[in-house]
Each structure stands twice: as structure tokens, then as C-alpha cells.
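This is what each chain is made of:
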Amino acid sequence: MLETSYEDLGLIRNPFETIIFDEHSAVGYGLYGRKDQLERLGEFVRSAVRSDRQKRILVMGEYGTGKTHHLIKLRDEITSGKHGSDVTAIYLGSLGVSFRKFYENIIEALKQNTPAIRDTLERLPDVEPGQSVEPTYAPEKLRENIIANLNRIMADAKINNVRGIFLLIDEAEDIVQWKDNDQVQYFVQSLIHLINNLHGTPLHIIMGFSREAVSKISTVDPSQSSDRKLGDAFWQRFSAEEPIRLGNLRERDAASMILDRLNSARIVPSDSLYPIKQEVISVVTRNVGGNPREILAIFNKALTQTLKSGTKEINGNRIIQVLAKHESFFNKNIVLDWNRIESIQQNLAAENEALEADFTALMGVLIGEGKSVTEDDFTNPAFAEELTKPIHGIRILERKTNKDGEIFYIINQEVIAEIFKGKRHDSETEQILYNESIDLMTNPERYQDQLTRGLWKVLQKEMNAEYKSKHLFDDKLVIIGNCRVGNSPIPFSLALTAFKGSEFPEYLYRGLIKLIESKQANFGVVLYDSSKIELDPVYQGFRRDLKEAGKSVFLESLRTIEFKKLPIPDGQLMEKIKLLGNPDVETTDNIDTSGLLSSIGIASEMEQLVLTKVIPFPDDPSVRRVIEKLAEDQTKTYSLKELKNECNAPYLDSETLNGLLKQHFVKKDGTRWQIASLDQDPIWKLIYGFIYQEKGATLEEIKEYLESQYTLQCSPGEEIRLLNWYIDLLVRLEMITGAKEGASVVYRLLNHSQKLDVLVTQCEDALRGLKSLLTDAERLNIAISDYERKVDTLEGRLDPLTVEPEPGSDHIIRAKNILDDIGSVQNAVSEEIKSTRTSYASTLSNYKEQMDLTKERIRGAFERGIITDNEHAEWQANIDDLYAQASEKLKEGNFSALTVYLSQLDKVIKINTREIRERETSKEPCISYAKQVEDLKNAIGELLADLEELGYSNPKYLESYADLNNKQSHEYLPLFNDGKYADALRIIESIHTGLVTLKGNLVKQKTSYQNYEQMIEAQRASVPEESQTLLYLDEAEEALREWDFATTEMKVSQFQDALKKREQPVKTPEEEFVEKFSAQGTVTLDTILESYTVDKAFKFLQSLYIRGDIEAIEIRIKKNH
Amino acid sequence: MLIAIEFIGKNGPVAKQKLFDHLVNFTNPDKDAQVKSRDGATTDVLYYIREILGFVEGDDSVLTLTSAIQSPGINLYSGKDLYAVKVRGDLQMAYTMLQTNNLYFSPEIRDMLGFIFKKGKARRAEVGTEYLKKQVYGHTFNQATIDFALQTLLRLGLIELQDNYYSITYIHPLLFAQLLLEEYQANANPVDGTVSSGDMRDLFDLKYAIGYEGFDNNFSAVRLLLPELIVTGSYEKYSMDMDIARRLNLYA
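As you go down the protein sequences, you meet chains L and Z in turn.
At the far end of the first sequence sits residue 1533, using the numbering used here, and the numbering has no gaps.
At the far end of the second sequence sits residue 347, using the numbering used here, and the numbering has no gaps.
Worth flagging that the hints you see were computed from the coordinates, not collected in a lab.
Some hints here could point you the wrong way.
Stated by the list, open to error - With a cut-off of at most 30 angstroms between alpha-carbon atoms, the simulated DSBU-like pairs for lysine-lysine come out as follows:
id : chain 1 : residue 1 : chain 2 : residue 2
1  : Z       : 216       : L       : 1056
2  : L       : 1392      : L       : 1418
3  : L       : 926       : Z       : 213
4  : L       : 880       : Z       : 229
All chains should be built: construct the whole structure from the sequences, respecting the hints.
Right, here's the structure in full:
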């Protein structure tokens, strides 16, 4: 078979084979489906350009999602001047996680992009550590040297008004693939060091990163003494900006990308997707999750195979063949299971070979293009319907009707789910699942125990449920187990069962209610697969007959999760659950229990129930001790370590505390823990609320109330112990107090006036402290208006409390909350002050570098004689002084003054640098001009001497000459001698211009004189002696001797007129007449009469005609005569 | 430990010092810098294989491998058994032998293994909270011994640590025997003192996620290791000999 060529398909090459992995390959291709991301990148760059401090952001995306492409496009945008000519960008990719290469690439790029600092770049010291450096310390030294050089570069960039350098770091793939973990750690640590040292400079960082790279660097940082993770330190430095995430493409964007690629390989671009059928793009995009590189890889293979096969279209058939061999980038599975297609084909062939042939012919359209077919597409129209019926347990097609009532057929989604690996298990499991589904279809109620066991196993595995007991109601299994909300140390018990059948299982539900009522379980849950429960008459009867207590249990403590209303639908859920619970099947590892748990949604359902219905009781005494300790002082926070020590709980860990957090026992502020406040709805709020409402209550009344509304999570008989613990907590929290009244103790709310006073005073003190902190912040030039508004709000919240006549515990909590919030604002301000201080320190450190660089230049200029001794000393002293002042102000914390000194220092550095540069560029031209001036002066001197000899004595030129000489000696020379070359150059330039003009004028005078002299001489020689005529020349000569060129000119002219007159013969009137008209061949009488009278005209005509000087006289008679 | 057993097995009766020299030479001196002292470490090894696990006998000048360990009711492994499988290159079996003698001679560690198994997965904090100051088979745990026990279980390959959670890697017959005994005590018919094998299979499936086949395999393994513990009755019922169980430290 002949192969198809690219030309046959309208292409000049394969448009899909180039993947974008470096800067060369990125050119020429667009980015699709990335509008938001590109906008955010642009916004980031704009904000960074406005800032003179470092900004950082991550571009997060998996392999093949376009990180490199984005970074290179951005680099090109920045370097092309889109964000200003004073910013530049450097793309840093394929570095092999080498920090040295990172540095070298920066230097190389800057040499090309930023000529202003080339000189500094050329003179940077070598970063390679010297021989004397201990080898183990060499990497650190290398890093130190690199960062010092980069600091110097940023200093010189600042001096030269470069407003920002963007480093676009694209090392995610190298980080993932690099085997030497130590090298990866060194690289990441080095970036952290770089950020730490240069964050006060506009060296901005945009870094491409991926999930895999994140996990690679999420290791313990060996350079830290604590167990701090390297990744954490890295993320922290990028936390100010939300990362830009590159997700996978939508179908529409994938199509645009494909079209762009096709057009890149066409001579004339078009909107056609040919040779690709549009529908296959959707199928591919859906089944590879929209990864751009993966989509291109698949079309690359499809195109290559299409060419080899000699066909001219990438259609559904081609795509399913490619997908059957394509290994997914994401999970390394083959995307399409060809065996499954074959098995369908075999099953069909066993039924009817013609049917199988039709299916095979339409397979590409149905699966590879996801399109519908009609019965006309089959050789036998009845085949379409036949494929909608189960064949070996599976329906191939689904029948659909459009709005016009036309019937069409699409592939059954279950077939798709099976064919495409991502949604299916291995074939053995699949086979078992088929068997399970057949069992369930034929006799569902028989397998109720397996369904319940399966559901239990999901909870056992995924929620770490602990088995308690099993029960049978009407032969239906119920399992009770202990579960937890998250990692809570307090378990709750759950009675669970599953049911699939036709009729509502009344006895099963009654059994569950009994288990809850008898406190064997806190809650019940039923996974229910049947027709609509509400329409079931048995269910309706059950609801009617429920007695009060049972009804409340049914409504409040029992949840029915209907299979048909699952939050995440899974068509095979019941089969999978049954398989898990089938004791005859030993291996069920391929069943995704986590996915099942999510599908059922039981965890969140239970969590909600527990949090709203359960009064928990921590079993573990050490956990109770922790809560009691925290309750001693609501305002006090503790670290985990402090709690361990103070509560004698050496094994307390953050997981336990997080569990308590989830159940609203505690709250967390950073790494510190505190008792939960009332606004977080802790459990004790229920008791507190009840006492408040009743204005006092006994233990029995509280118990009665709670038992009527909630489930006490304790063993029967332990209720009083549980309640006493909560009441003790409320007493510790100073919210209630108990007093014996008659036979029993009555609990009432505590009088809070005094406590509130103390808290209000604390708040007022804290606010004063905060205001003083804001004054410090203002001195640091921190924008404090937001904080001031917060202070106003806090004062507004505090004011009503200061005049509260009857304070209750809610007022105490409010006051404490205000105190907390003041603390939070205070922390935020302190944090910003700290960060600004370090930032100022970093800026000052960079100024030190700028200062050193400038001083070096001053010394160099002095050595080259460009600046004077005085300047050499003064300039350096001035810089030193300003820097010393700035350092002093930093120490004092006077940041307004620091800013002023830094601004002055900046100005002085720039002035000095400019001055040196200008002098360097002005001195040589001065000397060159001075030489020319000397030459001019010599020439002018000679000219003046010549002219004087000729009798010329115009004082104007002499004065002008004297002025210029004067200017040279009085203005130019002192400036030059003072080293003010730019000014001197300006003066010598003007002297030069003046001299050139003067010389020109003198030359002109002399030349004119000589010309006239020669002219008179020549005239005199050309005519014979005639005294009258020569008189004019004598007079001209006389005028010339007196340098009167005007008279000379006039006399010469008079001489020439006289000469002409003498030579000219006298003409007759007839001759004049002929001469007048001889130029015209023919002349009319009217023309002649313009110059002559009629008489004279006819007289001349007569005489000239007779003399024969006129050839003919023509007369024309008017025609009407 | 295996290196020490192999050395004694290969070189016949050896003196303590010779064994120590071998162990020291075998270790990497750099890594050893972390260890409190080489002598200390080697002394620990010898103490463990001689006094605790019974693989070695004899005084310090003539250390030899044991030929058999006399312990009624359980088929423990001798030093020579262990040496033989090591020479054969069957590391898996060598580990099983080490596990068996360890779990038998240190029932408190087996108890801890049982605790982790029942929790499914347990954090150090949970193990610590459970065992701190707890007396198990006469051994009172403190923080150091809890950590040591966890380390021992890790070294023996009986548990693994992932994302701060310990979980069991393998159900050793002695652990299974402990579970059998606990469930027997909780479920035995008060009249005839038996339990139904079927009920137990079912219970283990639900409670411990040990399927029917797994139950049968483990049950057989227990009968092999502890031949007198399970007394088979009629109608697929069995009972357990509580005297033997107590003697084997399967319950206190």
C-alpha cells in the first residue's frame, strides 16, 4: 500500500511532533485555555515592576501542561519591552538542578540583555571557592559567592536604573527526575538563601513547579536543627501570592490548540481541522484528562499511523487504535482496553456474526468519535434495537429520541467506562463484579448480609472503624462499630446496614431504632437501593405507626442513604460493596474503598450528625486533662509542648488536638492552642444556654434536657459522670457557679461585672499598646490606615462593654474576643514591622554594595586623572557619611530618616557615577577641539597679517578674535583645569565655532579683494586705451584700495556699460521692426498694432515688402461678404 | 543478631571477645560514631540472643548455638535451626524464627503488636497513651521501653511506619493465638466451653478483616506452633486449653 504524504493532507510536516520543552520549541505556538493564567502573570509582572523589592510567584502545573511555554512567552514579552525598556527577564531551564549553571545562565543572559551593567558583569570575581576552602564547606562557599555576585549585579542594576530583573525558573522536571536527592536539596536551599539575601532588591522570581516536584522537596531539611521540612521553608517564601495553576484543557481549548498546530504546518492557514475529525478531539481530551502534551502525543501517533496506512483522515477508528496502545501520563495505565472490545466482539459474534460485523464497522464512530448512529447505519435495522438489550450482562447501545421524535443510538456509558481504563479495574476484578451484579439482579435480598459486610469493610478501612457487635433483624444483618470524626479521640458508635430489594424492610428499621434507643449505637445508617422509598406503601405504613420516641430516633439519629441519590454516582457501587462483603472472595485489593466512601458520602453525613447531635465524652483521662487545663484560663494559649508538660500527657500530639478542634473543644492560633470560645459553638454552650434560659438548673434538670435533645456519648450509667465533667468545665471557665439550694445544687450564671472590668481594662491597655506600635509602623513608612480602621472598629466594639449594666458571660467572651482580635492586629502589625525592618536591612545591604561599587569607580577615575584629588576625597567621604547615617538610622529605627538618607545616597551615587562617566566621555573631545582651535588661531593670524598688508583695518574681526581668545583663556582653561570637562567641552566647542566663522569671514574678505583686483586688471588689459572709459577702472581701483567693494563693483559695471555702448551699431526703424517680429514666423496686423500706429505699421510694411524683407502679406475676407 | 548467630555457627564455640571483634569489624566505623559505644552495642546483642531469645548458650569463653529450646507447648526455634536456614539463604524463614522467639519471650511486645493490629493503624501517641505505666505480663512500660518495643517490632518486620502511623505487616501465629484466645474468652459457650469455628471465622472477618481463608491459614499455623493450645471438639467446635495459654503467656 502506498503511504500518504504530508502534502496529501495539506501539510508541510508533522505539526504534532514538536513538544515544547525549551525556548526554541516554544516559538511559534500559542497558548490555549490559559486566559486567566496569562492575565494573572501579566498582573504579577506589572505589580513587580512597580515595586522596588523582590516579588515571587509559583506557576504550578503537571508534566505537559505548559509551564515552559508560559515562562518562555513571558520572557519574550518582558524582553521585548512590553513592561518597559528598563526591565528584563531571564529564562532558566534545563539546569540539571545546578545552582552554578543557574548563576552562569543569569550572567550570560544579562551580558546580552543589559549592556548598562556589562562592565560590572565582566569584572565579577570568580565564584569557584579557593583552594584553601575546606572541601565539605565548598558548596556553601560557592553559594555564598554566587549570592554575593548577584547582590553586586543588583546593586549596579539599581545604579543604572534597571527597574527589575525577572528570573523565570523552570526546573520542576529536573527536580522530579534528578536522582541525586542531595543535589536537589542543595539547589532548593540555595534558592531559599538567594531569596533571603536579595528580597530587598527587584530581583523577581517566577518559578514553574509541579505536584511531583512538591513531593520531591517535601523532605526534612538537613540544614535545619529542627525537623523543619525543606518544602515548608520554600513554600513559605512564595506564600504571599496565590500560585498560578495550569490545569488541563477543556475540549474547546484542545481543539484550538490542535488547529494552531495544524496551521503551523500549513502554507496557508485555515479554520479546518482536516485531517482530524473534530469529534475525536473531544474523545481524546476526555479520556486523557485534557493534558496538552498528552493530547499532542496521541495525535502525533495517530497522524504517523494514518500516513503509514495510506489513508487521509484521523477518525474514530484510528483514535481507538492509538488509545489502545497509549500509556496514560497520569497513572501509566493503557488508556483504552482493547481486550474488552474484543470480548464484546466475541460475545456478539457468538450471538450473531452479522451483528458483530456491524458493531465492528460502527465502533470507530460510536467509541472513537462518541457520535450517535441510526438503525439505517446497520445492515439489518433490527440490529440497533438488539444491541440495546443485555448481551452477556451488558447493553452495548442506548436508545435516544430527539425533539422531533427521531430515534438514534449512542454507545452505553457502561461500555465506555469499561473500555477506558481510568474507570475500570483489572479484568479479573471486573469479571467478579459482573458475577456480583448478576447475583444482585437476580436475588438482591439474599445478599443483604454481604452488602452490609461490604459497607462495614469500607468504614473499617477508610474510617478506621472498630467492630463492636452484629445483630440480625428479620434475618437482616446490622453491624455496630465505633467511628470517629477525623482523628477525634472520642469515638461514636454507628449501627450500619445495607439493603437492596423491592419492599421497604420495616423490621430492619425497627431493629435499628431499638439499637439506638437502647444506646447500643449512637446513630444508624442504611445504604438503600430500591425504588423510591416515599412511594413504598410499607414505608408509609411504617412512618404512620411510629411512636413518638421511635419517630424522633428515625428522624434525627437514623440516616437512609439512597443509592439513586448518591452525591457521587457510581453505577457499580452496590456490586463493589457486595464484592467486599463476599467472604468467598479473598482478594479485593482492586476495589477503591476510598472512592466508595466518597461516593456514599457517609463520612460527611455522620460528621454532621455527630457535631449536631452528640454530647461527646473523652475516654482518655489525659485528653480530659488537656481540656480542663485549657479551660482554666480562656485567654491563655499553649503550645503542644507546654500542654504535654503541664497536663502530664507525654503522648499528646497535634493529631489528637486537631481531633478536638474538629469537635469544637479547642481552637488554634498558629501553633498555639486555646479553649474554644462560645462563638465556636463548643458542647458546653448547650448547657450554658439551658442554664441561662432557665435562670438556674439542677444536674437532674440539665440531664433531662440534654437526653431529650441529644445523645450522651457514654456507656449506660455514665451519664452523670459525663455531665459533671461538663459542669466542672463551665465552672472552670467561670461561666457558671453552683450553690446548694434545698436538697440539690442549683447552677446559675456567674456575675461577671468584675471580670468584665478587668477585661475592659486589658483591652484598653492593649489598644494603647497597639496604637504605639502603629506609630512605630508609621515611622517605617508602613501604610497604617487599614490598621487604624481596625483599631476604630475594635474601640467601637469595646465601647458598649464599658457601660454594660448587667454583664453576662457573653459579654466576657466578647471582651475576650476583642482582646484576641487586638492581639491578632498587634501580631499582624508586629509581623509587618519585622518584615519591613528586614526588608530595609536587605535594601541597606544592597546599598552597601552600590556604595562599594561607586567608591571603586571613584578611585579608578582618580587614578585615570578624571577627577581631582579633592573630589576623590570628598565624594567618597560624602558617600561614607550618608551610608553611615543611614545605618545609624536603621539601628535607631528611624525609618523616615533612613528613607531620606537612602534617597540622598541613591542620588549621590547616581550623580558621582554620571559625573565620572561624563568626564570620561568629555575630556578627549576637549583636547581634540583645543588642537583644532590652535590651528584655527594660526590660520586667522596669518590671514589678519595678509589683510593688514593689503590695508584692511576692520576692527570688528579683531574684536571678535580677541573675544574668542579671551574666552579660551578665561573660561575654557579654568574649567578644564578643574576637571569640569563637560562644561569645558561646551566652551571650547563654542570657541571653535566662533573661530571657524571668523576665519570664513576673513577668507571671504581676502578672496573678494583679490578677485576684484584681478578683474580690474583683466578689464584694463582687454580694452584699447581710451581715457574716458578707463576712468571707470581707475575709480574702481581706487575704491578697492579703500576696501569699498560696493563702489568697486559699481564702477566696474559702469566701465562695462560704457564699453558696450561704444561697440553697439545704430539700427533703422525698419530693422528694429523686422527684429521685433522676426522670431515669429507669421504675425497678424493686430499684433503689430499693439506696438505701432496704423500709419507707421502700413508704412513699414510697404517699404519692407518692396525691399523683399517680408515674404508675403496675407488678407482674409470675411465669408458673409 | 543474625550476623552473630552466623559467626558462632560457622566458628564453633567462640569467646565473647572474638564475637565482639567480629561484630565491630563488620560495622562501619563512621556509622558507629552514633552508637553509644561499640562494646555496649555488642553486649546488648549477646544479651539478647543468649538470655532472651535462647539462640546461644554457654559462658563468655565458649559461646555455642543451642540445639533445641525446651519449652513445653510451643515449638520454638534453636540457634542451630536459625543458623541452618541462614546458611540456606532463606532470610524469610530466618526472620520468622526471630519473630517467634521474640514474641514468645517478650509477650508484652506481642501485646503491643495486638493493640496496633486492633487499631488498624496507630500513631506513636496512641500506643504511648495506651501503654504508659501499663503493666503487661509483669512488665511496666515507660516511655523508653515503649519506644524500644516499637523499634523491635519494626526491626523484626512485624510492623511498618508510614505517615506517622504504625500498621501491621503480617499476622504472626502468636498474635493470632492471642486474638483467638481473647475471642474465645469473650464468646465461649458457658455450658460446654466451646466456640463454633464458623462463628469465629465470621467474627474475625468482621472484627479483624481476616477473611475466611486467612482465618483457616492462621488457625493451622497456630496449631503447628502451639500444638496443645486448641482442643478440637465435635460439630466444628473447639475449645482452648487455658492452662497452656497462661503458661505460654497468651493471657495474664
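Tested hints:
{"no.": "1", "hint": "Z:216 / L:1056", "verdict": "holds (23 angstroms)"}
{"no.": "2", "hint": "L:1392 / L:1418", "verdict": "violated (38 angstroms)"}
{"no.": "3", "hint": "L:926 / Z:213", "verdict": "holds (28 angstroms)"}
{"no.": "4", "hint": "L:880 / Z:229", "verdict": "holds (24 angstroms)"}
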